[in-house]
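Given only the sequences and the hints, what does the whole structure look like? Please build it.
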Amino acid sequence: MKRLVIITVGKTHSGKTTFARALEKELNNCFVMDQDNHAEFINTFYKNLQPKLGPNTLKHALSKLIVDYAKEHNDLNLIYLQLKSKSKWTSVLA
1288 MKRLVIITVG KTHSGKTTFA RALEKELNNC FVMDQDNHAE FINTFYKNLQ PKLGPNTLKH
1348 ALSKLIVDYA KEHNDLNLIY LQLKSKSKWT SVLA
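Numbering (my numbering), first residue to last: 1288 to 1381.
Derived from the structure by calculation, the hints contain no laboratory data. One or more hints might be untrue.
Stated by the list, open to error - BS3-like mimics (lysine-lysine), calculated; alpha carbons at most 27 Å apart, straight line: (1) K1351 <-> K1334; (2) K1339 <-> K1351; (3) K1346 <-> K1334; (4) K1312 <-> K1346; (5) K1312 <-> K1289; (6) K1358 <-> K1312; (7) K1298 <-> K1346; (8) K1298 <-> K1334; (9) K1289 <-> K1351; (10) K1298 <-> K1351; (11) K1339 <-> K1298.
Claimed, not checked - The following label-pair restraints were derived from C-beta to C-beta distances: (12) D1362 <-> G1341: 32 to 42 Å; (13) L1340 <-> K1289: 39 to 49 Å; (14) N1361 <-> F1328: 16 to 26 Å; (15) E1313 <-> P1338: 33 to 43 Å; (16) I1294 <-> N1361: 17 to 27 Å; (17) G1341 <-> K1312: 32 to 42 Å; (18) L1340 <-> E1313: 36 to 46 Å; (19) T1305 <-> I1329: 14 to 24 Å; (20) N1361 <-> N1324: 14 to 24 Å; (21) K1289 <-> N1335: 37 to 47 Å; (22) K1358 <-> E1327: 18 to 28 Å; (23) L1363 <-> F1306: 14 to 24 Å; (24) Y1356 <-> F1332: 14 to 24 Å.
Here the structure is a predicted model, which is why all the values come from computation and not from measurement. Beta carbons are placed, not taken as given, at the ideal position from N, Cα and C, and that holds for glycine.
Structure, rendered in structure tokens:
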């Protein structure tokens, strides 16, 4: 099954989420993958599991789980929000 993946890249507070939500309203059959939501969830309920140093592997694992679930269980197109690093989103979308 073919699906569309749109990746928005930009700095913090550059309008990625606003753009993605507007695009989601215009396109049918898609969802926004926003790691800010995952970070907020983890910080609210699992703050003690956050790494003290280094990459936020818990947030990235949660993002990968959600993308994998979406790929396996539906045909939704994906709008993925990313800060800067290509290496992070390629590993999540693989």
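Enumerate the violated hints, using their earlier numbering and listing them in ascending order. When the structure is compared with the hints, none of them turns out to be violated.
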